[in-house]
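A.B. asks: Chain order of the listed sequences is A and B.
Take the first sequence: its letter number 73 is residue 75 in my numbering, and every next letter is one higher.
Take the second sequence: its letter number 226 is residue 228 in my numbering, and every next letter is one higher.
It is worth saying that the hints were derived from the structure and are not from the lab.
Mixed in with the good hints there might be a few duds.
As the list claims (entries may be wrong) - Derived DSS-like pairs: lysine-lysine, alpha-carbon spacing no greater than 30 Å straight-line:
hint: 1; chain 1: A; residue 1: LYS251; chain 2: B; residue 2: LYS391
hint: 2; chain 1: B; residue 1: LYS233; chain 2: A; residue 2: LYS244
hint: 3; chain 1: B; residue 1: LYS384; chain 2: B; residue 2: LYS285
hint: 4; chain 1: B; residue 1: LYS233; chain 2: A; residue 2: LYS438
hint: 5; chain 1: B; residue 1: LYS49; chain 2: A; residue 2: LYS443
hint: 6; chain 1: A; residue 1: LYS502; chain 2: B; residue 2: LYS443
Quick caveat: nothing in here was measured; it's all calculated off a predicted structure.
There are 2 protein chains.
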Amino acid sequence: MNGRNLIGNGYAEANTAAFKAINPLTGETLEGDFFPARQKDVDEALKYAVNAFTAYKNIDKDRKAAFLRAIANEILALGDELIERTCAESGLPAGRIQGERGRTVGQLNLFADLVAEGSWVDAIIDSAAPDRQPMPKPDTRRMLVAMGPVVVFGASNFPLAFSVAGGDTASALASGCPVVVKAHSAHPGTSALVGAAIQKAAIATGMPEGVFSMLFDSGYEIGELLVKHPKTKAVTFTGSFKGGMALTKIANERAEPIPVFAEMGSINPVILLPEALEARAEKIAEQYAVSITGSAGQLCTQPGLLLGITSPELTLFKETLAEKVAEIASSTMLTPGICKNFQSLSGGMLEEKEVTLVAKSSKTAEGAQNQALATIAEVSAKAFLANPKLKEEVFGPWSLLVVAEDAAELEAVLEHVGGQLTLTVMAEDNELLTYKSLLEKAEDITGRILLNGVPTGVEVCASMQHGGPFPATNDSRFTSVGSTAIHRFVRPLTWQNWDKKLLPPALQDGNPLNIWRLVDNTMTK
Amino acid sequence: MNGRNLIGNGYAEANTAAFKAINPLTGETLEGDFFPARQKDVDEALKYAVNAFTAYKNIDKDRKAAFLRAIANEILALGDELIERTCAESGLPAGRIQGERGRTVGQLNLFADLVAEGSWVDAIIDSAAPDRQPMPKPDTRRMLVAMGPVVVFGASNFPLAFSVAGGDTASALASGCPVVVKAHSAHPGTSALVGAAIQKAAIATGMPEGVFSMLFDSGYEIGELLVKHPKTKAVTFTGSFKGGMALTKIANERAEPIPVFAEMGSINPVILLPEALEARAEKIAEQYAVSITGSAGQLCTQPGLLLGITSPELTLFKETLAEKVAEIASSTMLTPGICKNFQSLSGGMLEEKEVTLVAKSSKTAEGAQNQALATIAEVSAKAFLANPKLKEEVFGPWSLLVVAEDAAELEAVLEHVGGQLTLTVMAEDNELLTYKSLLEKAEDITGRILLNGVPTGVEVCASMQHGGPFPATNDSRFTSVGSTAIHRFVRPLTWQNWDKKLLPPALQDGNPLNIWRLVDNTMTK
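Bound-form chain A, shown alone (with noise of 0.2 Å):
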């Protein structure tokens, strides 16, 4: 296991105190020594990704595709090695981490697929008059470019497909920007493994060094260091609201400002309307009491607020949720902050006014530490609606039933809670039509709507938007997950009358790379 701070195709002198990965389930320290990078180390990746930038921006897209689907070989040539210290870092089962490793390379191949087609850079031509009056028409090709090194930040949760490699990763590299990768110091083991498949790939594969870099830290300060240098050009993470927010405060007040893609967080309203109800009460509650509690409830998608109006049926929902939340096992947590988080938070919701307990899960496994029992809790919507405290994010297997005395509560509890990642209606055939404000309301806070299923299992493809109004994100007018997750590090370039010689394949004459087109205002291939 080696713990030194990747830089470019070498690894950086390990000369800083090293700290040590923490399997969370048994407490046990894991074998390998990390060592935080310095100021020194930032200054290096930075310097590297710089110089990678001017050949890697511009480099052929096939041979980009071509590093892309290398990078997924060589984490899948990792084996059991990887799967098993992604376990005993994250506490996370096998199945979950084996299905997260196919998500992670799938990721990494859909974005090779895109970048092979070539069509995502959004070519636009708009051809020369030059006798137009009063003035001639310019000839003028715009296409999308790469804006420089983009710092990526390791989640926890998803310590392979939101980490190392992960989709802020695959769509960094693909738009053609160098990224620099902050290890989540929850998973120091894997975030090594995988840095160096990177690194392994980007070397077999002939890609310019410093297209890849990464660096370990146990606390806060080299993140800044990265948001701060002036060579970084876009920042993405994914975790809480305070450290979202932290990270575009300082990317806000550079002397150059720049993006950050910031996911913060979101409880996922689950709306129940009665006939949904009324034909599938415990259907729909053995359903979502696999959703709110699968991966400890770690999930930006788990749902964390329930919805419905009051009736028996809401009642049966409620007591069949009951049952099947009791019999769960508990679930270890990521990290022993995550699990005391959980802790405080769960039990404070507990303490405000009118919550009171549905279910608690009970079977503590023997031994095991941080653990989490599910819980859920019920109170009125007019206690929810005069209560801020109770939309906020419970970070694992937490749900509040929110129950309204009629459907302009539930609009009313729609409008409070505020900018959402997901939003979910359970209803029978037709019975949406007679919520129409409502779908509304549902519409203009969320990224994503979904209709009788779960909001967590997020498909990576094209039509995938992850993000949502504020605070799940703080641009909705981006996407983290799915291939249009590119846009996030490119910028729209114009060459206006340029020789057509030096015009980008993408803008030439002819179509070399056979890709979409806009030509006066014409789309074709």
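With the hints as your guide, set chain B onto chain A.
C.D. replies: Relative to the frame of chain A, chain B by itself:
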């Protein structure tokens, strides 16, 4: 002349202390009383905008296009009254204002065409695969949706094309967002006429009341209140660096931060390569004498920095430019404040170390006020690099010729000046091939790169990018000119497994709008 605050389909009461418009050429006070808005008017305008949003965001695309075309027609119907008033308030000549009216009307019709065609919503559909293993794939459909009320700040230097019914308003209305304009205090009469034209068009085409409002203020207070208002969802601004950064700061400090698109000025470097100067130094000088001084140099893309390598031909260029500029009559600036600022900034530049005067126009019109004398100065690249003050924008007919020793110094100057709206290269055939590294740097700092032309005169089309790296704008991922300007006000929304009857038409099976869509990763219509 109705100078009251326009709110929805009516006007607010006129009960504040009125301000007047001034003719900058004569210093005379113009007809009309304009009433600064109050907090109450801000609240009212946003209340109407929020109400309008619910209906307007999903309005039929042909009705929205008809509204935009009706605005264009109502502006034309104002006839000479508008031209005369705009000239009187801005000091700009009638030919320029007539051209600007053409551009304004053209922009509105361009967005009407965009909206009527419909593909701009970037519809993406991924079909369900219920049998996929290990998890079924859901049906997901995504398109761009409007974000909510947009606050548009009118700009002083384009009293029609970047003001009340300018590109910002046209693109925001096209996107489905209601607009509240903060009228620029330098042309309140022009604003009142155009605002009334928009209101008339909105009523005639049956738009929801509140889709457009417009507030006056002679100071900064109302602008701040508009940006701070919790219902405002985005802001556009074109003006000074100081103004843009102040608004961005306010927007970032809101409880719910919102995007600001601020275009904040640029010195638009022009690189004069040796062979081009050898071939046509005098011709280039003539071309640039016009570009530097047109509209009294008050254009965002005015070339404020000329950059060449020392040579006899560069001297010939300089001498010809000096001769041409000296012949140009003084011109009226937009406001006394802008004129005073120009005198002070250009005068200050001439006092900086090693900066020498090359030419100053001398023909001041008899009795004319607020006149700017076009000024060209010169400095060595070494001195320019040593003094950051010299890269600041001097808004007006000013240009600084920076003389480099060699190509390496040219590159150093480009790295030094930072983000720009435009960058122009004057070169002979094949000359660019020998400046590969210079061009790489040039592309990194600009939103538009031109060959053998002038940056002034921005074409309004799909392939235009008018927005560059900081400090030219605060987010280089967007443009304020051209049809893609619409993307500033929209966010993606994904419908998962949604009721097919209730999907927006753009996402329905069978493609009822006949738009381009990405369906299962294939572009199709």
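A.B. asks: Now, for every hint given, state plainly whether the structure supports it.
C.D. replies: These are the hints, each one checked on the structure:
1. Note on A:LYS251 and B:LYS391: the hinted pairing holds, with a Cα-Cα distance of about 27 Å set against a maximum of 30 Å.
2. Under the criterion of a C-alpha separation no larger than 30 Å, the hint pairing B:LYS233 with A:LYS244 is consistent with the structure, at around 23 Å.
3. The straight-line distance between the Cα atoms of B:LYS384 and B:LYS285 is roughly 27 Å, inside the 30 Å bound, and the hint therefore holds.
4. Simply put, B:LYS233 and A:LYS438 have alpha-carbon atoms about 22 Å apart, close enough for the 30 Å limit, and the pair holds.
5. Between B:LYS49 and A:LYS443, the direct Cα distance comes to roughly 16 Å. Compliance with the 30 Å bound is thereby established for this hinted pair.
6. A C-alpha spacing of about 19 Å is found between A:LYS502 and B:LYS443, which places the hinted pair at or below 30 Å, so the restraint holds.
Hint violations for this structure: none, all hints satisfied.
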